[in-house]
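Q: Sequences are here, hints too, so could you generate the full structure?
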Amino acid sequence: MQLTRPRILLLSLALFAAVGGSFAYFKYKKISNFILEQVSGQAAKKLGREVKFKSAAFSPLKGIVIREVCVSRLPDFSKGNFFCAAKVVIRPKLASLLRNQIYFSSVSFERPVIKVREKGGAWDFADLLALLPDTSKGLHLTWNADELVLRGAALEADLETSGLSLALEELDLRLEHYSAYGGNFGLEARGLAKTALNGKLLSAGVKLQTDANFEYGGVSSAKGEFAARDIAYGAMTLEEFKAGWNLFNMRKPLAEKNYTASVSAGRLLLPAQESAARDGVARGLALFSAAMGKPAPKIDDLEMESFGAEFRLDNSELAVRNIALRTNFLSLDASMAINGPAKTAEAGLKAAIGSNKIEMSASGPMARPEIKPLLSATLSARFKEALNDIERGLLKLFPVTGD
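Quick note on the numbering used here: the sequence shown kicks off at 150 and runs consecutively.
What the hints contain is simulated information worked out from the structure, not anything from laboratory work.
Each hint can be trusted.
30 Å max Cα-Cα, derived BS3-like pairs, lysine-lysine: (1) K264 - K201; (2) K372 - K356; (3) K211 - K236; (4) K391 - K499; (5) K228 - K268; (6) K343 - K228; (7) K401 - K492; (8) K521 - K506; (9) K201 - K268; (10) K406 - K372; (11) K203 - K228; (12) K201 - K228; (13) K236 - K343; (14) K492 - K533; (15) K343 - K268; (16) K203 - K236; (17) K521 - K492; (18) K391 - K545; (19) K343 - K391; (20) K406 - K533; (21) K201 - K211; (22) K343 - K372; (23) K264 - K228; (24) K343 - K356; (25) K492 - K545; (26) K391 - K401; (27) K545 - K372; (28) K521 - K447; (29) K391 - K349; (30) K499 - K447; (31) K499 - K521; (32) K506 - K533; (33) K521 - K533; (34) K492 - K406.
A: Okay, here's the thing in structure tokens:
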């Protein structure tokens, strides 16, 4: 075979690829063997807990594959399991290995089960948190995996202090790290959430998508969406709930923060036997009815077709707008805005109960708002009190007035 210049070039490239591939393979296998040694010999010693697994092996295509791995509660398995997974796959990042750095392109868990407990304000995994890197940069800057994946996961959390128990089932989660130098993360998760409140089961199918950007001090901005479907609590059912947010300048002073959020819900059914919720609605309905000079209608089952609202914080101004509520007993549209530096507020309300309607507004200094139309002294005082309660709730979260 005649060695022409193109053939020599191709042979050189092939030889370079073979040498490079062999070098990369041995680097890949070396770090894989190191991790396997840590799992089989050193992990339990470092964790202070027992670790067991069925098998651990290296695959050139998949990376490190560990099957049926479990970590005990403190100090051993006689206290039960803290974490178990049917399979764990760890894939080192080849480009980083060639630079003698340890990064992972992916860490995935198949059917993991995590059980955490809180007692007296302390969590039973505090000893594991102590093993995290000690750095002033924050953990978000030391995360060395591009992707963390959970498939078919189950999380159980018992909070003794509050008496609550939370379960997440059929959880699929993907956490992606976009930046090699900072904390830019994207999270997607969906599953079935369950808990018990006041002796009643609360359950819902939930879905979360969010992006967050970190600086050294913590989260600097975030945006995302949360949705829940088929929500059930005792006899109450809610077909859907959605929330969205866009948060900027989170680490800056309040006057520089810029937040927007929205919330919506649809098709709520609250049967008459849920008397506590019904009584609360009846009190609000009585106030509107009194302003109309009409008796409050009798309420049996409560049905809500839809609810929506939008929130904004910008330049020390708070606004809750486009509040729209549609039920089988009340139609309501409302809005409120607070100018923090000027300490003034504006609010508007339209309500209809059957064929009876009322339209009101309030504006001026927060301490002395002018309410239109003129009402009796008793009704005016009650509406001002309701308005003050709403303002206090907002200002407690966002004290734009400086008080």
